[in-house]
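Enquirer: Residues per chain are reported as follows:
There are 2 protein chains.
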Amino acid sequence: MEVRDEKLERETEHQMRVMLKGAVEVVGAEELRVKVEQSIRTGEPLRVKFGMDPSAPDIHLGHAVVLRKLKQMQDMGHRIMVVIGDVTARIGDPTGKSKGRKALSDKEVMENAQTYLEQIFQIMDREKTEVYYNGEWLELLKLEEILHLASTVTVARLLERDDFQNRYKNNVPIGLHEFFYPLMQAYDSVAIGADIELGGTDQTFNILMGRNLQKSQGLSPQAAIFMPLLVGLDGVEKMSKSLNNYIGVKEDAKVMFKKVMEVPDALIIRYFELATDEMPERIDVIKEELASGKNPRDVKLELAEIITGLYHGKEETERARNYYQEAFGRKENPEDVPDLEIPWECSTLRSLLPIAAAAGLGFSSSELRRITSQGGVRINGTRADSLEVQVADGDVLKIGKKHFLKLRKTP
Amino acid sequence: MEVRDEKLERETEHQMRVMLKGAVEVVGAEELRVKVEQSIRTGEPLRVKFGMDPSAPDIHLGHAVVLRKLKQMQDMGHRIMVVIGDVTARIGDPTGKSKGRKALSDKEVMENAQTYLEQIFQIMDREKTEVYYNGEWLELLKLEEILHLASTVTVARLLERDDFQNRYKNNVPIGLHEFFYPLMQAYDSVAIGADIELGGTDQTFNILMGRNLQKSQGLSPQAAIFMPLLVGLDGVEKMSKSLNNYIGVKEDAKVMFKKVMEVPDALIIRYFELATDEMPERIDVIKEELASGKNPRDVKLELAEIITGLYHGKEETERARNYYQEAFGRKENPEDVPDLEIPWECSTLRSLLPIAAAAGLGFSSSELRRITSQGGVRINGTRADSLEVQVADGDVLKIGKKHFLKLRKTP
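Taken in sequence, the protein lines are chains A and B. The opening position of the first sequence corresponds to residue 1 in our numbering, with each subsequent residue numbered one higher. The opening position of the second sequence corresponds to residue 1 in our numbering, with each subsequent residue numbered one higher.
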């Protein structure tokens, strides 16, 4: 008996470590431990909720932080229940005040949801993921039930939510229907009997409301695990497409590999925690290596290989690594390449050329465009076949036979 | 044609005067005039909404202010639509925070509504009154419709309502469901297509919300007529049973007559406006008479006769008047009766006796009780046959053969 208990404890400890790896906060940690232990003992998987709005963005590593964690839970045998907020999406913002919240048709909702699901299944195991649309239960609610639901929360509590508080203070109208959205999300937790809900820190309020609603209905409250926002390649802002400091999960293996190599050294461990499925024990080892003087570039090569490997095959990753090392090896490029400072927003060759023209090489913008169209411009040794070729920090630009510039993006 | 238009104008003017007689405020007066004119021209009655909570209080003249106005509209041919908030009553306050808002069963709601209706039909014409339960339409609403409804109002606007504002400021919880109650009342106006809604000034917020909701749905907005709270017999506080400054509509004709005679002189016109169906023109005449020195006591005799006549037959009213004049004539009572000051709350002989005992007549409380039980106490000349006999300001108390006291209630 004692031996088995020890094993149970070890396994519980392991699952807890994986679940909380990189998390900013967990609410209900003690309850979570009990749930995990019980799940291991009985073999009954935990029900892990992930709510999503079918607004279908292109997924990047920032979005993937939560999805990877779900994948890790899936790997430990738990049930992932994705809840798509189709009701919310179909209603949108009837006041028309918020552009992002326009009402979608049934068809649009389904299409958006499909696009989004396709993307998340690049990370999670499709076979082991259950997908729900919350209209299934929300549309069955009668007025009396809705009012009962509403009675479980106070106006003051809702006004504490940061965005509501700010809008209220600044006299930006809040429609009464908006107060319902968190409540509906909370009810989703009741409807599917969630044991755990996972989300970004921006979801704190809604996820905790789910927990409270479960309690108020006499149910075991879900543990809430909050994942941080991933800082982007600029090392400052959260990863976002509009800031162009992102790594998209659909990016070409070479681009992805190269971008990971641009991660600031200070963020290496964070990326291991949030953007890979590496076990906490392994990450501890890497931390120690870095602390005892290992070259961050070598650690990043490993990170780039792991991350690229998650989204591309082993072979492609191998190729991307070789390409990277070749391009940034010293074969093609001379040792001392002058830097060309370009702003972060500058992401294509086209946007870069006017800056290069100003660098004193003697080419005008239009000459540079012509040279490009004639195949006379290379990036990291590869011929740039259009003006739309992507460029990144650290890329080496070769113009004609003898002019080299190393791109230095400035935040 | 011109002659007919003049008649239309005169009739419109008359109806407007009746509708607005005694009102504190009307919102949408211009629209109201158009509606009234149209109604007179087409013969189509206006739809007048009156919302009520089936909480069944005993009705007094304070409650009757709005009901009398409805009766007057009824007399002009308009449709009175009483909307009973059965949904609200059945839901109550699920938080259990408010005692007054406990959830009622279907049966209780129906019973309460019945009791209340019986009372209002002492004032209004039962045959010409339509009764609705708002569950009829509210229970058909789907989540999406409810949320659309909610989107028509902002949180800030709701928080402006006095009671919400006070509670929010003083950290007294407001359940989110409470924000729905005004909205549901507002929706009632849409559902029945109200042209006019009538209510006390405490209903301002809700009634105006109905108006706005109609507008936002592209409907002609209801005119809102707000009636003041009737000041009670103490001349200070609003009429209320708990302050014992009220005249109940079910009170005995003699009591009612006598109580009207206690109305402070300054309130005579107000009572004519709010507690009788007298036409504005008639009230103008009375105003003038008072201004030119007519004895207020004589005007009050007329008021008492009119009010008593509204709730009792002509004969009974006659008898009440004679009784009053006899009791307060000089037959039985000596000219100079000393005053006995008693507090307003003091409404029965029982509660009065300890004070009378202290008045220096030489009777103890228990002696006074004995004398009463032996038939030795008279009020306004009538033998007090129990300790529960009601007493009022101005009553003359006779103890034994020779002791007289005139009761003076002090606020």
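Worth flagging that the hints you see were computed from the coordinates, not collected in a lab. Careful: at least some of the hints might be erroneous.
As the list makes no split between identical chains, a pair holds if one copy fits it or if it spans any two.
Calculated pairs, DSSO-like style, for lysine-lysine (alpha carbon to alpha carbon, straight line, at most 30 Å) [as the list claims (entries may be wrong)]:
id: 1; residue 1: Lys142; residue 2: Lys107
id: 2; residue 1: Lys406; residue 2: Lys250
id: 3; residue 1: Lys107; residue 2: Lys250
id: 4; residue 1: Lys71; residue 2: Lys406
id: 5; residue 1: Lys215; residue 2: Lys142
id: 6; residue 1: Lys215; residue 2: Lys287
Enquirer: Now tell me if each hint is right for this structure.
Expert: Outcome of the hint check:
Both within a single protomer and between protomers do lysine 142 and lysine 107 lie at most 30 Å apart by alpha-carbon distance, with minima of 25 Å and 20 Å respectively. Taking CA atoms no more than 30 Å apart as the test, lysine 406 paired with lysine 250 passes inside one copy only; the shortest distance there is 26 Å, against 97 Å between copies. For the identical chains of this complex, lysine 107 and lysine 250 are intra-copy neighbours only, at 25 Å inside a copy versus 63 Å across copies, given an alpha-carbon limit of 30 Å. Within a single copy, lysine 71 and lysine 406 get their C-alpha atoms no closer than 38 Å, and across copies no closer than 89 Å, so neither meets the 30 Å cut-off.
Taking identical chains as interchangeable, the C-alpha atoms of lysine 215 and lysine 142 lie at most 30 Å apart whether they share a chain (21 Å) or sit on different chains (26 Å). Taking the shortest Cα distances, lysine 215 and lysine 287 never come within 30 Å of each other, neither inside one copy (40 Å) nor across copies (65 Å).
Comparing the model with each numbered hint stated earlier shows that hints 4, 6 do not hold.
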